[in-house]
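From first to last, the protein sequence lines stand for chains A and B.
171 is the number that this note's numbering gives to position 171 of the first sequence; each next residue is one higher, with no gaps.
Each position in the second sequence, counted from 1, maps to that position plus 1000 in this note's numbering.
Hints in this document: simulated from the structure, not taken from any laboratory.
Any given hint could be a false lead.
Distance condition first, Cα-Cα at most 16 angstroms in a straight line; then the derived EDC-like pairs of lysine to aspartate or glutamate [unchecked claim]:
{"#": "1", "chain 1": "A", "residue 1": "Lys161", "chain 2": "B", "residue 2": "Glu1156"}
{"#": "2", "chain 1": "B", "residue 1": "Lys1064", "chain 2": "A", "residue 2": "Glu156"}
{"#": "3", "chain 1": "A", "residue 1": "Lys63", "chain 2": "B", "residue 2": "Glu1156"}
{"#": "4", "chain 1": "B", "residue 1": "Lys1064", "chain 2": "A", "residue 2": "Glu175"}
{"#": "5", "chain 1": "A", "residue 1": "Lys71", "chain 2": "B", "residue 2": "Glu1154"}
{"#": "6", "chain 1": "B", "residue 1": "Lys1063", "chain 2": "A", "residue 2": "Glu156"}
Only some residues are given here: those of chain B computed to face chain A with a beta carbon under 7 angstroms [said to hold, decoys possible]:
{"#": "7", "residue": "Tyr1134"}
{"#": "8", "residue": "Ala1138"}
{"#": "9", "residue": "Ile1162"}
Rough simulated footprint, nothing fancy, chain A against chain B, three-plus residues with beta-carbon under 8 angstroms [to be verified]:
{"#": "10", "stretch": "1090 to 1103"}
{"#": "11", "stretch": "1191 to 1199"}
Glycine included, every Cβ here is placed at the ideal spot set by N, Cα and C.
Number of protein chains: 2
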Amino acid sequence: MSYVGVGVSPGNVPVKHNNNSNIERRVRVAEVVLRCVICGLAILSAALIGTDTQVKEIFTIQKKAKFTDMKALVFLVIANGLAAAYSLVQVLRCVLISMMIRGNNNNNNNNNNALLFNKPLAWAIFSGDQIMAYLTLAAVGAAAQSAVLAKFGETELQWMKICNMYGKFCNQVGEGIASGVLVSLSMMVLSPISAFTLFRLYGHNNNNNKGRW
Amino acid sequence: MSYVGVGVSPGNVPVKHNNNSNIERRVRVAEVVLRCVICGLAILSAALIGTDTQVKEIFTIQKKAKFTDMKALVFLVIANGLAAAYSLVQVLRCVLISMMIRGNNNNNNNNNNALLFNKPLAWAIFSGDQIMAYLTLAAVGAAAQSAVLAKFGETELQWMKICNMYGKFCNQVGEGIASGVLVSLSMMVLSPISAFTLFRLYGHNNNNNKGRW
Chain A
1 MSYVGVGVSP GNVPVKHNNN SNIERRVRVA EVVLRCVICG LAILSAALIG TDTQVKEIFT
61 IQKKAKFTDM KALVFLVIAN GLAAAYSLVQ VLRCVLISMM IRGNNNNNNN NNNALLFNKP
121 LAWAIFSGDQ IMAYLTLAAV GAAAQSAVLA KFGETELQWM KICNMYGKFC NQVGEGIASG
181 VLVSLSMMVL SPISAFTLFR LYGHNNNNNK GRW
Chain B
1001 MSYVGVGVSP GNVPVKHNNN SNIERRVRVA EVVLRCVICG LAILSAALIG TDTQVKEIFT
1061 IQKKAKFTDM KALVFLVIAN GLAAAYSLVQ VLRCVLISMM IRGNNNNNNN NNNALLFNKP
1121 LAWAIFSGDQ IMAYLTLAAV GAAAQSAVLA KFGETELQWM KICNMYGKFC NQVGEGIASG
1181 VLVSLSMMVL SPISAFTLFR LYGHNNNNNK GRW
């Protein structure tokens, strides 16, 4: 029985060099890559929006646009900050467990099993991933709605568009929201991976299975 | 081997009256109940928002507020309509498969297994549930953001609050959004159920499992 290094999650089944080993390896690699991508993009999104300002002079009066003028952008910056911190912790967890397994390998398989088949830990990771996926999506949804209003206005409600006045500000916010959308999409792809990791612990192989996947 | 009637999903494992039978029965019942709740609440939410209008007379000019004035509310009505239709189809699927299994029961267990362990169908249900969960959440997030703007305005952007003018309209929209939030929360609870149903098909029982759950 062998274990592949970085990216082994608690709850993952051990690599048995059987028919499932390829899919298991791919799942582990995908998990670590996605968590790194999420961490980077979330930091980028929060930085783009959080540092965005533009000053306009209107009849000798200076007006400054900043992200705190729109509560939805504040929510998005907070959500992306949480997503980045969470993903960093998860990547460290993957590396740490991988190191512990390497240390235990060939010495004590019971310790490895305790790490790899730990249902409470797998539940915690699954719950965390779900919460972060929903949090980032809700934040992106709210921010995108605000951005649409800023770009096009809502004439029926007399909410005027502001992007013709603060073009540079709006463009940078747009880039931040685009990064936020990618964070959210990556979280959506990651979420089934941790579900797979958790719920297969409750399963059993069925030889009568008619599905091909 | 016996099968409990309504609520049996393709991908669920059969009830074997073993240690897992209780959790399996609960999962099936929870699935059907949640799908019915989602269907009812989504219809309620779409109806509350879609039928909401208020006419105000301002200096002999009549102004009418309707949900199409806010694009986020149109998105929410469409998302709730899709969620209601999808949930109805899923409830019918549960009932239909339950009837087919009852018809096959004690006659041909291979047919039952083909229904219960159908991975492609379990993948389709899981994907559908995920998409609906994310769709309803994004719609609720955008609509909630618009509602906050309508209620409190955004003075920095000179977007004035409109709920002091259209109080009855805003209250009904608020009720519709509250129902939409419940739809979204129910979808979030349902999503791990279909993940459980799917991914346990890929699992195997591990006797060395140290987790207690």
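Hint by hint, here is what the structure shows:
1. A:Lys161 with B:Glu1156: Given that 16 angstroms is the threshold and the Cα spacing comes to 13 angstroms, the pair holds.
2. B:Lys1064 with A:Glu156: 10 angstroms, holds
3. A:Lys63 with B:Glu1156: Roughly 10 angstroms separates the two Cα atoms, so the pair holds.
4. B:Lys1064 with A:Glu175: 36 angstroms, violated
5. A:Lys71 with B:Glu1154: Distance ~9 angstroms between A:Lys71 and B:Glu1154 Cα, so the pair holds.
6. B:Lys1063 with A:Glu156: 10 angstroms, holds
7. Tyr1134: Holds: closest Cβ of chain A sits about 6 angstroms from B:Tyr1134, inside 7 angstroms.
8. Ala1138: 4 angstroms, holds
9. Ile1162: Where the cut-off is 7 angstroms and the nearest Cβ of chain A is about 6 angstroms from B:Ile1162, the hint holds.
10. 1090 to 1103: violated (count 0)
11. 1191 to 1199: holds (count 6)
Violation of the numbered hints given earlier is confined to hints 4, 10; the remaining hints are satisfied by the structure.
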